[in-house]
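Dock chains B and C against the given chain A, drawing on the hints supplied.
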Amino acid sequence: MAQVSEPAAAVRFDDGAWEVLTATTNANLCFQCGTCTSACPLAERTSMRVRQLVREAQFGETDPLVWKCMTCGECNASCPRGVDIVGLVRSLRGRAWRTREVPPGLPTLLWGIYSDGNTFRLPPSQRASWMQDVKVPGKGSTLLYVGCAGSYDPRAQRTARSVAKLLNLAGVDYQVLGNEEVCCGEAARSIGHEALFRDLQQRNTESFKQRGVERVIALSPHSFDALKAGQAANGGPEVVHYTQALEELLDAGKLRGEPEKRTITYHDPCYLGRQNGVYEAPRRLLELSGLTVVEMRNNRGRSLCCGGGGGRMWMETDPLERPGARRVQEAGETGAELLATACPYCISVFESERGSETIPVTDVAEVIAGRARA
Amino acid sequence: MRIVVCMKVVPRPEEVKVDPETKTLDRAGARSVINSSDMNALETALAFREAHGGTVTVLSMGPPQFEPYLRVALAVGADEAVLLSDRAFGGADTLATSYTLATGIRKIGDVDLVLCGEESSDGGTSQVPPSIAEWLDASQATYVERLVAAKNSTVRATRALEDGKETVELSVPAVISVIVGSNEPRFIDYDRWAFAQSAKVQVWDAAALGGDPQYLGLKGSPTTVAGLREVRKAGRRHETLSVTPEEAASRIKAEIDRVRSARG
Amino acid sequence: MASRDDGGLWVYAERRGASSFTPVSLEILGKARELSDRLSVELTVVTVGADGGAASELRRYGPDHVLELVHPLLDRHDGKAYAKAIGAEIQKARPSTLLLGATRNGQDLAGRLAVRLRTGLTAHITSLELDGNSHLVGWVPGFGGGIEAGITCPAKRPQMVTVRPGVFPSPPRGSPVGKVKAVTPDLSEEDLGSRRVSFEPKGASVDLTRADVLVVGGRGTGGDFGRLEELARRLGGEVGATRVATDAGWVDRDRMIGQTGVIARPKLALVLGVSGAVQFTVGIERAGTVVAVNRDPHAPIFDHADLGIVGDLGPIVDSLLRTLGAA
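Going down the list, the sequences are from chains A, B and C. Numbering-wise, the first sequence is residues 12 to 385 according to the numbering used here. Numbering-wise, the second sequence is residues 71 to 334 according to the numbering used here. Numbering-wise, the third sequence is residues 38 to 364 according to the numbering used here.
Simulated from the structure, these hints should not be mistaken for lab results. Treat the hints with care, as some may be off.
Said to hold, decoys possible - Derived, one-sided and incomplete: chain A residues facing chain B with beta-carbon distance under 8 Å: (1) R111; (2) P118; (3) L121; (4) W122; (5) S126; (6) G128; (7) P134; (8) Q137; (9) A206.
Since this is a predicted model, take the numbers as computed values, not measurements. Using N, Cα and C, we set each Cβ at its ideal position, and we do this for glycine too.
The shape of chain A in the complex, shown without the other chains:
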């Protein structure tokens, strides 16, 4: 009788890896319907297929395309079984750190966060330079968490100053950490390094506790999301986004806007809108300031990701794969005079994608700070 040799295995099942993934995610719920793939903005321009990524994960394998993910959350929002695919992406990236199969530049990013407390490899002694001539009350149980972008990126510093001015106008008592503020760790969390993220969140919890902070107002939606998750886990203070805090002040009559005859369109940042459900506060802020808000077709939960999330701000993206330009074009098509948003990453992406001939980009706080009165 002829010997029949076993064919080489087409797939290896890594049960150990799968056990870890089932313990940390709910990816076992996936029944491979593929809705996520059709919702994913990367499917159009790359070979990313989310359904396949989840399938491979179920075998204990990590698709290298996992690093392209912007964690925009369209997949989560569309999944009929409520699989936390964004969480799975983070877990898969976390596993890659163990074998050090990560894109170049990311270990250096983590060293920077670890040693300097920020994502830009700049000294802590320059962290408070955003303030310039703005005075902060420096008291009370509310804290404005500026974040790395707001502290070091000149573009985002303008937003930080605008928010501070608005809080000052409304007579809010609040503090800032100044040079002692450290990174919230959202970059570490996005690229899968859960351990560094937890370390940073713990340091922030201790800082907040030391200063009697009961409420944190975050400038960036990414800090907002990271601090919300991290502080909840540590029993730390309540965290809101600045648009939520300003909306409260407007409603309480502590801030008014002078009517302004300008049309503006608003882009929902993924980490404020889709991931955290904050859609109306920024719009109300703009309308209560007298501006006319014109909606893009893909608004609120359908907002098109700028491409900066998921750690992509810290990685090089092929120009052909970047989604930002499409969003700027859509904004231009509304005929609005301004494109406003509430995220430093979105602003950074849109400003570098747009030509001088298309719609100017601004932050919500900057727009209303110009016209706000106490």
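Just chains B and C, lined up with the frame of chain A:
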């Protein structure tokens, strides 16, 4: 192979100031960091160990405050750490420093490879690696960007020279200096923290180290610092002008000339 | 006024090719002639190789003596063997001073030689002076270039100093002078530290981290990098670019300066038509001098510049090229 990585903890260059009155260094406000090319040397060592087996020991000469940094190196992946610490080692120039480190390497024993960063950001002389090689009567390859093992206890090192890349083969024991940026240093392995914090860091003072006292510390240093001066202002000038193109060109040319005549 | 053990001043001339030398070798030879005259001592230049005949070129730079160390095993730089050969001659002649060029091989040699001679070595100085006792004081940059230290070697001899290229001017090439002596050092295979396996001459790949001058272009160039390349050529520098420019295909990706590109440390950075987003400026933070040109007076790049010009890039670059002349 048994690999020793020499590490130096340095103040961050941009944060050190010179007191304009006393012309002495003010390091007080400066944070410390492991010298960056030493991190590249550690990465080279760890990659070498992954490919060819062996142990990696980090070695440093300095005050007890260096110990936490050695523990970071353990958390990154080193197996052992040795700190040479004694007042008698203080005030050392590169002759005395290289002697002290070489004596430490001899005491560690059976060392095949000594890896160092190409130069340190405080002092930046690049002299220590070849000096260690001479003290040990070992072969050397400096300005290395790639290191692999070859047959019969030899290694192949690719050196980045001004006019090209030279690959050399050398027998162990060998001293290798690694250029900054030749690899991306791996981040801390958080699973190693427990080990890194509890591991015994060997601390050797002058008595434990042995060696000839005439070559140690200030006494063993033929060179001395006669004075200090500040070269460049900490911040930018921020001189912003709005002028005609001709005037602009003239101002820019003046700046170019100024930089050129400053030399070095 | 002369130092102890007066074998005078010695200079190591590093060979590059059959009968030429690294430019810095000649630069230090020129400076050494000046110092020797001031100290009234003799100047010897020592060179090493597998063949003689390099001496004739060195005689044109004013030495009193040329010493050639010739041996087949010395055909390429080998720190261990070179240190042994030169060390032996120094122990015989007892010079007070030895200057070497701070090339990579020069440093490779100097560190070994200093230990062999148990003497002090002051590395890659940027200026050299004599103090009141006729001792050399070498000024050395440290701390990323912000501070200089003046180093002396009061007791041990020879005082060893390595010198960076471009610190001293190139001396004029004159008629041949000086006595030549050729010596065959006592060497065997065991004295070699390494063996060359291969050598790849520097090709087309660009290394912006070593550039002294960078001309960086951004969106404001509108794609016109031709003039920037000309500017870089005239200044002996390299062209860099922002992500916008490399994305647009105006320049290769390996020329991108910034957080996900190259972190450069040129002596001079001309930053043209760049707005100055933080992801870019971290790439030039370490430049010695930054000159920026941008149409927008509020461009953040001006916060990172020593000299900032607000204006249209085209006319300014044209005018600058005219001012620099056809170099």
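Right, here's what the structure says about each hint:
| no. | hint | in the structure |
| --- | --- | --- |
| 1 | R111 | holds (6 Å) |
| 2 | P118 | holds (4 Å) |
| 3 | L121 | holds (4 Å) |
| 4 | W122 | holds (6 Å) |
| 5 | S126 | holds (6 Å) |
| 6 | G128 | violated (10 Å) |
| 7 | P134 | holds (6 Å) |
| 8 | Q137 | violated (10 Å) |
| 9 | A206 | holds (4 Å) |
Hints 6 and 8, counting from the list given before, are not met by this structure.
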